[in-house]
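In order, the protein sequences belong to chains B and L.
Taking the working numbering, the leading residue of the first sequence gets 1, the next gets one more, and so forth.
Taking the working numbering, the leading residue of the second sequence gets 1001, the next gets one more, and so forth.
Read the hints as simulated data drawn from the structure, not as lab findings.
A few of these clues could be false.
Calculated pairs, BS3-like style, for lysine-lysine (alpha carbon to alpha carbon, straight line, at most 30 Å) [as the list claims (entries may be wrong)]:
id: 1; chain 1: L; residue 1: 1114; chain 2: B; residue 2: 227
id: 2; chain 1: L; residue 1: 1114; chain 2: B; residue 2: 196
id: 3; chain 1: L; residue 1: 1091; chain 2: B; residue 2: 101
id: 4; chain 1: L; residue 1: 1195; chain 2: B; residue 2: 101
id: 5; chain 1: B; residue 1: 57; chain 2: L; residue 2: 1195
id: 6; chain 1: B; residue 1: 320; chain 2: B; residue 2: 295
id: 7; chain 1: B; residue 1: 118; chain 2: L; residue 2: 1226
Which bits of chain B does chain L cover? Going by a derived footprint, with three or more residues having C-beta under 8 Å, they are [claimed, not checked]:
id: 8; stretch: 154-168
id: 9; stretch: 184-196
Every residue, glycine too, gets a C-beta built ideally from N, C-alpha and C.
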Amino acid sequence: MRRILALLCVSSCVLGAAALFARRSNADAVAERAHNLHFSSIVLDTHDDTTQRFFSKDYSLGKHNPDGHVDIPRMREGGMNGIFFSIWIDGRIMGPPAVQKALDQIDAVHEIVRIFSKDMVFCRTAEEVRRAHDQGKIAALIGVEGGHMIGNDIRMVRVFADLGVRYMTLTHFYNDEWADSSTDKPAHNGLSDYGKDIVREMNRQGIMVDISHVSDKTFYDALEISKAPLLASHSSCRALCNHARDMSDDMIKALAAKGGVIQINYEKSFIDEAYRQAYDKETGGVVNHLSELTKGCNNDEACISREMAKLQQKLTEEGKLPHVSWERVIDHIDHAAKLVGADHVGLGSDFDGADMPEGLEDCSKLPKITEALLRKGYSDSDIRKILGENTLRVMEQSERVSREMQAQN
Amino acid sequence: MFRGIAIIALCVCAGALMRATSRTRADDVATRAQKLHFSSIVVDTHDDTTQRLIDGRFDLAHRDASGSIDIPRMKEGGLGAIFFSIWMPSKITGPEAVDRSLVQIDAVREQVRKHPNDLVLATTVTEIREARKQRKIAVLIGVEGGHIINSDLGVLRSYAALGVRCMTLTHTGNTEWADASTDKPVHNGLTDFGKNVVREMNRLGMMVDISHVSDKTFYDALAVSKAPLIASHSSCRALCDAPRNMTDQMIKDLAAKGGVIQINYHVGFLSQEFRNDEKLHPEWEQAIAAEVQKRCDGNEGCQLIVGDQITREYVAQGKLPRVDWNKIIEHIDHAVKVGGIDHVGLGSDFDGANMPYGMEDATKLPQITEALLRKGYSESDVKKILGENTLRVMAEVERVSRELHSAN
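Next up, chain B with everything else stripped away, as it sits in the complex (with noise of 0.2 Å):
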């Protein structure tokens, strides 16, 4: 009696096991894929707003911080090597004063960039990412959310583009003298003729023409006159999330056909319609909830970042926010894929500057993506771009176009 239960014991156990174990196996196959696939992956995230924590004493880029979503450790952690730095003001802040405070967060940038460089380094062309990542180094790039920092001057866009920026949103969240923004009334009926003249100066310097939060009119502007394929940095689909700052599917096809990408941006409010409801009957939107949150804080960024990162856990604990998990993302990444091939979808997280859904808590998580791509049936190739081999590509198309009208001149 004891030995045959010891022998169905044993038995079970084994054939337990044997099966336990063909499944992981199989799960690790994949899991197992999606990790090389990752990490010998370009990641190139174009949206980033960690640059206004560079202000605070309380965050180092090179150790683990117990908040935000991105540093040294946990972009190794989740095999991030490029990234984008976001050079980001108050949208009513304009002028001289405008210029200096973007000065001073690219100043910021570079200073950090050149304290870490061990395991950074300043990029300002694909060749530059793609060397960085021969030499598994993180690729730091600067991006400048919103045109009012150029203090409306065309000169401006040059100077940032020797300062290193290669990109630059036409708008924030409020127009600005010359491109409305698609979370304002219009005033310019899109880009005005000092606009036409800023875009095509920023084809000739090479900085990647970015829509994100530009009003719909200014978006086909830009796309008409602009040479080089566009880039939205971090919006994604109005068809799965109804709101202004994501683009419809006209949009996205429209912006495939000239070549450019857009990257899939994780703020709740952007990518779960119930959330987006919920979230703007709580605070009357984004722009109203930011707008209260920097008088608050008395425009300390780094504040406001914390101050609505606590807020909206709050609600969601209160269950007034509903839960979103990062599934939401994949299933973003997966329309714009369906709807215009993988050539013209990539990442802008918006970490350190948006609400992240569970599961995509911070940059460390990041190698999930590449498995659930992989297990919807997405190629290798098809994912390398997605991750940021698409993103390259608007980069050196641009560069090429700044070649050919500077060659012009």
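Could you slot chain L onto chain B? The hints should help.
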């Protein structure tokens, strides 16, 4: 009678012969000077031409009837490297100063982009020498006045990133952190922040320029700076007692730490007589200023050029003394005697000051080489004054910057 004619003819011949010989000797020096000048790297550390670039009507490619600097005249005068000055009056401060400086830096860089066959932006000695090999003019950028950083080291670093390789700690007015030579002292030289500015300049490889600063600021900067200093456009106070010039002691102390005084050609800094007359008739200075205002409105590029023109009108009328370009040679020679041959250079102040007669523009620069040769300077010494001394300071500043970076 015939004999008489023959004698006269002989005399004429002999005279012609003598003239020919002396011409040959003169030509010898002239030829040597010409060769020497055009085989040297001639560096000018201070030119205010930038102001003319802002309104978009002036372009360096075309020979201009007014002013002192453009590409054809730089080529004719053998000017191989030029520091374009980023300047605005000391009263312009805050973000507006930063904004305006970026516009000026961009204007310089745009000229380089527009004329790639003639100009190349240079930020290092190696790049200047490379420009020379390619027969291009090396364009460098200097900021004239610490007020332009708006007390923000991030802005200073941005200037460095944009190619600025020299900064005058003040202009005519004190900044928030340094006293000027032409203002009432309020900081007793450099403040603690001012000392940090100097240290950061050392780290960035930007030359610390002590033209315009008070004597105390000079000594403070000399004590703090790990790299040699330059006076980008100052002359000798012993010859012309202007606070903008350097005393013999200052020149010696500057030289002892490897620095260079770049002689300014402004008549008010070269000639005591001119300076005395100016002082005697402050009403003329006011009248000139009023006339400049009338002709130029607010355009600073115009003001600088027209100021020089009107001053010349006063000289023509006999109101102000005529200052000859040879005064520049006197200052160079004096500074060499006081500080040594390794510590003197050229900082014209073209397009920003009143030029002496015979040094109206960059085409006249070869005269300096010839005059120094005639004074008995060796070719190697002349080369030092024309540019090699400045290049040595730049190389030293670059070395200090590398050291400070690796020490970080």
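- Quick one, are residue 57 (chain B) and residue 1195 (chain L) close enough, alpha carbons at most 30 Å? Roughly 24 Å separates the two Cα atoms, so the pair holds.
- Are residue 320 (chain B) and residue 295 (chain B) close enough, with their CA atoms no more than 30 Å apart? This hinted pair holds, its Cα atoms lying about 24 Å apart.
- Query: Between residue 118 (chain B) and residue 1226 (chain L), does the CA-CA distance stay at or below 30 Å?
  - Reply: Cα-Cα ~27 Å, so holds.
- Message: Hint check: residue 1195 (chain L) vs residue 101 (chain B), CA-CA at most 30 Å. Holds or violated?
- Response: Given that 30 Å is the threshold and the Cα spacing comes to 24 Å, the pair holds.
- Item | Per-stretch coverage check for the stretch 154-168 of chain B, three Cβ contacts closer than 8 Å to chain L | It holds: at least three residues are needed, and the stretch 154-168 of chain B offers 7 whose Cβ sits within less than 8 Å of chain L.
- Query: Does residue 196 (chain B) lie within 30 Å of residue 1114 (chain L) when you go C-alpha to C-alpha?
  - Reply: 22 Å, holds
- Item | Pair hint residue 1091 (chain L) and residue 101 (chain B), alpha-carbon separation not exceeding 30 Å | Between residue 1091 (chain L) and residue 101 (chain B) the Cα gap is close to 21 Å, so the pair holds against 30 Å.
- If you draw a straight line from the CA of residue 1114 (chain L) to the CA of residue 227 (chain B), is it 30 Å or shorter? 21 Å, holds
- Message: If you count the residues of the stretch 184-196 of chain B with a beta-carbon closer than 8 Å to a beta-carbon of chain L, do you get 3 or more?
- Response: violated (count 0)
Hint check: a violation occurs at hint 9 only; the rest are consistent with the structure.
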